[in-house]
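Protein chains: 2
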Amino acid sequence: MSSVPECKRILIERVVPALDNGRYAVKCEVGDRLVVRADVFRDGHEKIVSSLIWRKKGDQKWERAPMKCINAGIDLWEGSFIPPGIGAFEYAIEAHCDLLGSWAGDVKKKLDAGQDVASDLLEGIELAKRYSAWLPKSEQSNWKSLVKSAETAKSQLERVAILFSQELLGRAAAVPDPGTKVVSERVFPLWVDRVEARYAAWYELFPRSQGKLVKKSGAAGSVVSGRNVGATSAETGGTFKDVEARLPDIQEMGFNVLYFPPIHPIGHTQRKGPNNSLNAAPGDPGCPYSIGNSDGGHDAIEPGLGSFKDFEHLVKKAREHGMEIALDFAVNCSPDHPYLEKHPDWFSKRPDGTIKYAENPPKKYEDIYPINFESSDREGLWNELKRIFLFWAEKGVRIFRIDNPHTKPFSFWEWVIRDVQEEYPDVLFLAEAFTRPRVMQALGKLGFSQSYTYFTWRNFKQELVEYFTELTTPPMSWYYRGNLFVNTPDILPTFLQRGGRAGFKIRATLAATLSSVYGIYSGFELCENEGIPGKEEYLDSEKYEIKPRDWNKPGNIKSYITTLNRIRRENPALHEYDNLTFYPTENEHVLCYGKSLDENNVLIAVSLDPFQKQHSFVYVPIEKYGIKPEETYQVHDLITDKRYLWKGQKNYIELDPKTEIANVFVIRRWIHREQDFDYFK
Amino acid sequence: MSSVPECKRILIERVVPALDNGRYAVKCEVGDRLVVRADVFRDGHEKIVSSLIWRKKGDQKWERAPMKCINAGIDLWEGSFIPPGIGAFEYAIEAHCDLLGSWAGDVKKKLDAGQDVASDLLEGIELAKRYSAWLPKSEQSNWKSLVKSAETAKSQLERVAILFSQELLGRAAAVPDPGTKVVSERVFPLWVDRVEARYAAWYELFPRSQGKLVKKSGAAGSVVSGRNVGATSAETGGTFKDVEARLPDIQEMGFNVLYFPPIHPIGHTQRKGPNNSLNAAPGDPGCPYSIGNSDGGHDAIEPGLGSFKDFEHLVKKAREHGMEIALDFAVNCSPDHPYLEKHPDWFSKRPDGTIKYAENPPKKYEDIYPINFESSDREGLWNELKRIFLFWAEKGVRIFRIDNPHTKPFSFWEWVIRDVQEEYPDVLFLAEAFTRPRVMQALGKLGFSQSYTYFTWRNFKQELVEYFTELTTPPMSWYYRGNLFVNTPDILPTFLQRGGRAGFKIRATLAATLSSVYGIYSGFELCENEGIPGKEEYLDSEKYEIKPRDWNKPGNIKSYITTLNRIRRENPALHEYDNLTFYPTENEHVLCYGKSLDENNVLIAVSLDPFQKQHSFVYVPIEKYGIKPEETYQVHDLITDKRYLWKGQKNYIELDPKTEIANVFVIRRWIHREQDFDYFK
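Chains as they are written, first to last, in my numbering: chain A, 2 to 682; chain B, 2 to 682.
Treat the hints loosely; a few may be bogus.
Identical copies go unnamed one by one, so any copy, or any two together, can satisfy a pair.
Said to hold, decoys possible - Lysine-lysine pairs mimicking DSS-like chemistry, simulated, CA-CA at most 25 Å apart: (1) K9 / K357; (2) K110 / K364; (3) K659 / K554; (4) K365 / K109.
It should be emphasised that the hints constitute simulated quantities derived from the structure, not laboratory data.
Build the full structure now, drawing on both the sequences and the hints.
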């Protein structure tokens, strides 16, 4: 037998958005309005007043936004606020009974039914008196004299007028009776990122491949003429200066994030040769993911690329070209990494005392020594890794692409991301995890700003619709921003290997329009598609070789990519992530979807067939666009700049791999009518 | 900057069932197996071992049920247990890394690839040594000698054999490495009821109406010849003894819960007359919901019904007839209730000092004084109400039907139900709330065993399918047991008013088969259908009058109800609540649904049209029943006892208001084949 509990009358349930009941923060971007809904109800018939309360984390004072009951039948309430900046926020729901309002509602019903309310009015006065104590001191004397005037009113009519006035009844609604006030059981965390967390176009390149391409007479292939031709080929590649030379070209294409695989010194011991061969030849540059040698580790730069001064100059130049630098963060250490000597306890040892290289049996990665996150010096190790992030942030880097986060402890990422963002709230983290969905989702929930996706393995209609519906609707859209890479140094998808130039255009179009954030790995624009037979990997992968290129190679799709990125820039609907809707078509190979924001309605139709011409009826959501069935409207294809007049839902399109594989329409109404014409009025 | 956190590698998410993240208990009934699922995963590739742990609330020791990964792609695990009795239980999920198992998995892959594992085996021995400390003392010496024998093994083969043995590797899996062990963030509550919480047939009657009906010569109607004909008609009605006389009839129909509206003394002041009229005539019995007079209050019995001894005798007799008594609990007090004198502070007062009667403006309930749950003597009041429950429980009552719980504080119910069930875990509470869905759901969540539903207002196909799908699937099926009343003293649905005898049969069939728990209010079996014009209320309601009846009135459907209840008893599938599935038919007026349990497959087709004959193709889920498309099977209509041979999914039925409005089929396979014949083998 327990003692009598508090008398709780109001319940607050099903607060959305809320990630795992508030265990993790939902995300939005600066400028967004966060709309919060909850079921708020009580027993009986009394009225409720509910507020959304919110504050920047660490602040004392809560801000307050009114909530409105948007569906009384299911007690659904809604409120919203615009977080005033980036960083950590929190919100909760508050509610109280509107005692005076409930009283007034009952009195009104009695008045309408012609019943006597003399006694009720006296009750109202008693009730109003109780509010004095709940009001701020400054309002109390005014309140008391108002109530007094109701008490001494000459007539019932006058008394009603005073009690029902805005000053009394209106004010009372916002004053919580401390006896009925409740707050949602949890405070819900919110993380606000800068807009680039949601809207960006990434371009990935290996700086060492950016040297100029020169033909060497007699040679079968091409060789590099970099700036620092030296003893080993690791020092013969392109440099940060060469990257600077490429900035105008990349800016012209319309990218705004320039992402480099690791730029640190590369190990010599067990260095990998071309195509991941076990024994590198002298002069082979090694794999940038095998980090560290006598020149330094994760806080050093491969000397062949340039100095810190060069790096900082590049960061500045990139910014001038509207781009920012994203760095790779791979925990991998080469056998020559300074950590091995200084912190041998950070690595796992064999019984014979040697340090273990990475394995995923039966595969072996002899050039990589994995760090043991459960090392006995865990504190030293985890703090050092955090220091690396802060080191590069201090050099001006605000985006990190994390290599294989799914093989390190979740608690490490949650901690390191929170701490780095506490110091630099504008830092973004991209999770490069290709693994099971729950693990990828967990990384998004615990704090990663963006994540890679299964996009490269989703090529056809049903699988695209299902996957992108999941990615862009709650709960995933609350925390997971899919950055759609069309290719990576690790993945040359079958679709690109076999689909030719049209295949590249199809995948670029899908990536650039299905998500607000996407990326290409350099070479994509040249339609490079030679894979290792039977695998989705590049032949002669750039991970193990320096690969200078003719960036204007015939057959490239640079102008198409330029067009896509321009369309993205010019259409605010494409800057949003969670506004994707699929629409029916009559052809299995034609995918149709739309994105809208305010007046900007974009409708995209993509052929998923890189080989044959496809045609289909597509169903335009005219009702959503505010277009009447009998109204003729204009669709403007932003790729070809052609315009069409359509009417009604059902319209016909043709897509041809030989010409254009997609329509990216902006829908425009013919808004002028004779009623708008001056003489008509 | 924060300090380094724990190294947490395993995450446990999405535990189901879980009500509001464990805020409320899910319910099941004794004998049920509770199946619990969760996403359990970690970073990397190491193996996980997960257990469902559970215990009776208050016990120290957790029981343990193994969980199995039932879908590795989405890291979905499942475990289950059968709670060994009624009462409060709790469960959680535990998981740890199978360090030795993960090591063995890697070694096996290397062995399969023909790689050298000498060093790996030494690692395995080191790892196995660490387990000693994690094992119970009693196992340690045996473990150590096993590891020793692996260490000193003569050959690699022998070493592998020992390390991979069931005694080492098998045992190790169940031993949690304290470094990796995690438990779900919450412990989830479970409440186990007796079976009657889910499976019962209720019969509601007014004891005072159970007197024998005698014709009085010259009188237009009938009058009552009760046993205690006295001064006022409140004392002239039927008694508990008369109820005893009716037990065989009610048992014969197949009901097992006998529910009485309040049996307490009824107020005299402001007593209501027939049809809720304001001024009762002398001799009018008053409304049983206006509780209390000088004879006592909620812990007294209206003297006209009998004594406590009579009541206890009735409880005993009912039990002998396979029935238990359910009492009404209405907080309402008449103006004459002893509480008003003893505890005037439990009631709300007007400014003039008089006590307020109940109002729902502009409606007034002058004969009822509502209790103020926020009284200054809240402790005294709430404890007194709890005492009432315990008082009747002590008298042998184990079911309470709660009148209008939705106008009293949620926290009161949560507390009183928990405390009463702590003392009497077999007590059941039925919530009579007809209000908005969130409020009805909240009452179910906080502890009510059963709830009234919107059933009376769901009459046609789409609305029945939608509503009953919601009621019988998660999350509602985890906590809400809809008790389908076909009528109540307050509700005579339009469908019954207009649908005639066939209408009554339709509604009885739906109630008895859509849910495992249902009820009728007496008079239903006589097809009483005279309502107040334009309202869904009974004319001359029994709430204000004594209404003896001829229980064998021509046109009654007692034998139909008897059949329905027999079918329910004989078919275990109909004892379950959450096994309802709807199947397509080709006629909007024919509803088809099935319930299955083990080998018992019941398929029900009901016409929703009480006027016209309907026919339809129905689609039998033969695949679910394990019947092949080419196989002929038997459907046995348990209402008519007719049998039909059907084949395939699509079959034809006819339902006629003049004969039968429903088929309740049991599906029977023709299981014997020539292969089963002795000579054939």
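Here is what the structure says about each hint:
1. With identical chains, the CA atoms of K9 and K357 are at most 25 Å apart between copies only, with a shortest distance of 23 Å across copies and 60 Å within one.
2. For the homomeric pair K110 and K364, the shortest alpha-carbon distance between copies (10 Å) is at most 25 Å, but the shortest distance inside one copy (79 Å) is not.
3. For the identical chains of this complex, K659 and K554 are intra-copy neighbours only, at 19 Å inside a copy versus 85 Å across copies, given an alpha-carbon limit of 25 Å.
4. For the identical chains of this complex, K365 and K109 are inter-copy neighbours only, at 15 Å across copies versus 81 Å inside a copy, given an alpha-carbon limit of 25 Å.
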